[in-house]
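Student: Following the hints, position chain B against chain A.
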Amino acid sequence: MNFRELSVLRADLAFIAHWVTEGVHVLDLGCGDGVMLDYLQSDKKCVGYGIEIDDDKIPACIERGVSVIQQDLEGGLAIFADNAFDTVLCLSALQMMKNVEGILRDIARVGREAIVSFPNFAYWPHRIALLRGRMPVSKSLPYEWYDTPNLRCATIKDFEELANEVGLEVLECVALDEDGKPVSFLPNWRGSLAVFRLRKK
Amino acid sequence: MQFSAPLPLQSGASIAGYTLVYETYGTLNADHSNAVLVCHALNASHHVAGVYIEPDGSKNVGWWDNMVGPGKPLDTDQFFVIGVNNLGSCFGSTGPMHVNPATGRPYGVGFPVVTVEDWVHAQARLADALGIRQFAAVMGGSLGGMQAIAWSMLYPDRIRHCIAVASTPKLSAQNIAFNDVARQAILTDPDYHGGDYYAHGVVPRRGLRLARMVGHITYLSDDDMAEKFGRELRSGEYQFGYGVEFEIESYLRYQGDKFSEYFDANTYLLITKALDYFDPARKHGGDLTKALADTRAEFLLVSFTTDWRFAPERSREFVQALVNNKRRVTYAEIDAPHGHDAFLLEDPRYMGVIRSYFDKLRKQIESGELRPKAAA
Numbered sequence: 001m002n003f004r005e006l007s008v009l010r011a012d013l014a015f016i017a018h019w020v021t022e023g024v025h026v027l028d029l030g031c032g033d034g035v036m037l038d039y040l041q042s043d044k045k046c047v048g049y050g051i052e053i054d055d056d057k058i059p060a061c062i063e064r065g066v067s068v069i070q071q072d073l074e075g076g077l078a079i080f081a082d083n084a085f086d087t088v089l090c091l092s093a094l095q096m097m098k099n100v101e102g103i104l105r106d107i108a109r110v111g112r113e114a115i116v117s118f119p120n121f122a123y124w125p126h127r128i129a130l131l132r133g134r135m136p137v138s139k140s141l142p143y144e145w146y147d148t149p150n151l152r153c154a155t156i157k158d159f160e161e162l163a164n165e166v167g168l169e170v171l172e173c174v175a176l177d178e179d180g181k182p183v184s185f186l187p188n189w190r191g192s193l194a195v196f197r198l199r200k201k
Numbered sequence: 001m002q003f004s005a006p007l008p009l010q011s012g013a014s015i016a017g018y019t020l021v022y023e024t025y026g027t028l029n030a031d032h033s034n035a036v037l038v039c040h041a042l043n044a045s046h047h048v049a050g051v052y053i054e055p056d057g058s059k060n061v062g063w064w065d066n067m068v069g070p071g072k073p074l075d076t077d078q079f080f081v082i083g084v085n086n087l088g089s090c091f092g093s094t095g096p097m098h099v100n101p102a103t104g105r106p107y108g109v110g111f112p113v114v115t116v117e118d119w120v121h122a123q124a125r126l127a128d129a130l131g132i133r134q135f136a137a138v139m140g141g142s143l144g145g146m147q148a149i150a151w152s153m154l155y156p157d158r159i160r161h162c163i164a165v166a167s168t169p170k171l172s173a174q175n176i177a178f179n180d181v182a183r184q185a186i187l188t189d190p191d192y193h194g195g196d197y198y199a200h201g202v203v204p205r206r207g208l209r210l211a212r213m214v215g216h217i218t219y220l221s222d223d224d225m226a227e228k229f230g231r232e233l234r235s236g237e238y239q240f241g242y243g244v245e246f247e248i249e250s251y252l253r254y255q256g257d258k259f260s261e262y263f264d265a266n267t268y269l270l271i272t273k274a275l276d277y278f279d280p281a282r283k284h285g286g287d288l289t290k291a292l293a294d295t296r297a298e299f300l301l302v303s304f305t306t307d308w309r310f311a312p313e314r315s316r317e318f319v320q321a322l323v324n325n326k327r328r329v330t331y332a333e334i335d336a337p338h339g340h341d342a343f344l345l346e347d348p349r350y351m352g353v354i355r356s357y358f359d360k361l362r363k364q365i366e367s368g369e370l371r372p373k374a375a376a
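Chains A and B, in that order, give the protein sequences. In this text, residue positions in the first sequence follow my numbering: the first is 1, and each later residue adds one. In this text, residue positions in the second sequence follow my numbering: the first is 1, and each later residue adds one.
With the rest of the complex left out, here is chain A (with noise of 0.2 Å):
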């Protein structure tokens, strides 16, 4: 998979692919079909894992490549040394897990960097939302609260204290639109993804 189709496919992913460093070894937490560890191996030179639990997901992983261990994150990363990758990927994942400060930490063990990425509740729409008494629903929130598979909201703000909290510091933190292009004027406002670099402290 080339650049241009990881675009078409995820802009959202295709802007995080520019702070993964060539020929790395990569952990892609929650990695879906695989699409963004497929193109890191084949346009990167990277190698590494993807962590998926769901069953449809396996298969397209599998075609394209990529190794997949199917697991919940939920039971930690224990199957991984310390220090065991260079960079640690959880994009869009967070969001849906119980154990937010476990699966932080975990990575802070297993990798020297990090990216992390989910869904920014500080958007202005989902804040308008609010304002008129009801939850927000958008591209980035596409579900109704009673079906949401997200348990947890925050916004940008909140996820900086706890990633330093757990031995993540920030390098980079950048908003991307519904579009995945970075918003630098007022981000929490108008950004719907939050993005953070972040390193072993």
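Do not take every clue at face value.
[Unchecked claim] Keeping only pairs whose Cα atoms sit at most 30 Å apart, straight-line, the calculated DSS-like set for lysine-lysine is:
#, chain 1, residue 1, chain 2, residue 2
1, A, Lys45, B, Lys360
2, A, Lys45, B, Lys373
3, A, Lys200, A, Lys181
4, B, Lys326, A, Lys45
5, B, Lys360, A, Lys57
6, B, Lys72, A, Lys57
7, B, Lys290, A, Lys45
8, A, Lys44, B, Lys360
9, A, Lys44, B, Lys373
10, B, Lys363, A, Lys44
11, A, Lys44, B, Lys326
Read the hints as simulated data drawn from the structure, not as lab findings. Bear in mind that the values here come from a model prediction, so they are computed numbers and not experimental data.
Tutor: The following block gives chain B in isolation, referenced to the frame of chain A:
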């Protein structure tokens, strides 16, 4: 196929001349890059796929016919598949019921104890004879998976993909305990005659039957048994006796009876020992990571959540050791209700994983990636 050169065995013994019975499916391609070896488990054979019509008109369906065949997950229109009956088995390859050329009498209990590693060496000789330098994949379930794992360690440059389903890098104390109960059932049957029952014209049927019954319990999950049999009574009422009352009793006895009619008792003893002895980490101080250090294959491991015989934890340990070595590994944990037996059954998720994996291999063959390198 006949082999005249003696095969040295792990025990220090050797087998002088022996026969391996095998079946092949599909066609070996021009660059010999599409060969897949399918290894059998305890009670199966070289008859992996397809159907024989027996002389009595009954159908003998290959033990992995739902997995292997034209258009199946392991597609014999694409791959050249080999099924081989292991040494010591009772389906045609040299085993305890055959005549020992040194004594002129059946080997019986004198048949040398063979290990998973010995089988793999014998399979490698068969591959040599068939002109296959390298397998695109070696695949098996349960004990068959152990053979695939052993291939990855013993012949790292002859196996490109190792596929082990419902398998384990070693048996637990509990697994060995069940095997020993089975062996004791056979060894203490008066018809066993110290392994020489062939000369007495009898079969230790009671022992075999019990061995199979206890084994069969470990192949099914508690849930599956509850679902299939529950506490159902054959007559609907308690009989206050020791006959067959509960459906589960009837089922197990039926399985035991059937098994004791076609399986050889000495073979059962041999194969359960091969299971017990398999522990490739042993010579590395129990360190599985070290044991896998020389492997070069890519791995696909599949386990089933309700398999308590070779539980998912065992596969996860194996994944961990591979990850420690930075080997390419894919692991699918299928949430299936059927226990250990699930590896032989139809499950769309399981079949989908295997199909996708072989589809990836097919592409690698087409691109020339799996072309065997010249012999060193």
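Student: Lysine 290 (chain B) and lysine 45 (chain A) were given as a pair; does the straight-line alpha-carbon distance stay at or below 30 Å?
Tutor: holds (26 Å)
Student: Given the hint that lysine 44 (chain A) pairs with lysine 360 (chain B), test it: the Cα-Cα distance must not exceed 30 Å.
Tutor: Roughly 21 Å separates the two Cα atoms, so the pair holds.
Student: Is the Cα-Cα distance between lysine 72 (chain B) and lysine 57 (chain A) 30 Å or less?
Tutor: holds (21 Å)
Student: Below or equal to 30 Å on CA atoms is what counts here, so check lysine 326 (chain B) against lysine 45 (chain A).
Tutor: Status holds; Cα separation ~15 Å.
Student: Verify the proposed pairing of lysine 44 (chain A) with lysine 373 (chain B), using a straight-line Cα cut of 30 Å.
Tutor: Satisfied, since the Cα-Cα distance of roughly 27 Å is no more than 30 Å.
Student: So if I understand the rule, the pair passes when the alpha-carbon distance is 30 Å or less; does lysine 363 (chain B) with lysine 44 (chain A) pass?
Tutor: Within the cut-off at roughly 21 Å; holds.
Student: Are the Cα atoms of lysine 45 (chain A) and lysine 373 (chain B) separated by 30 Å or less?
Tutor: holds (23 Å)
Student: Given the hinted pair lysine 200 (chain A) and lysine 181 (chain A), is their alpha-carbon gap at most 30 Å?
Tutor: With Cα atoms ~27 Å apart, lysine 200 (chain A) and lysine 181 (chain A) stay inside 30 Å; holds.
Student: Lysine 360 (chain B) and lysine 57 (chain A) were given as a pair; does the straight-line alpha-carbon distance stay at or below 30 Å?
Tutor: Roughly 15 Å between the alpha carbons, so the hint for lysine 360 (chain B) and lysine 57 (chain A) holds.
Student: Straight-line Cα separation of lysine 45 (chain A) and lysine 360 (chain B) no greater than 30 Å?
Tutor: holds (19 Å)
Student: Is lysine 44 (chain A) close enough to lysine 326 (chain B), meaning Cα to Cα at most 30 Å?
Tutor: Holds, at roughly 18 Å.
Checked against the numbered hints given earlier, the structure satisfies every one of them.
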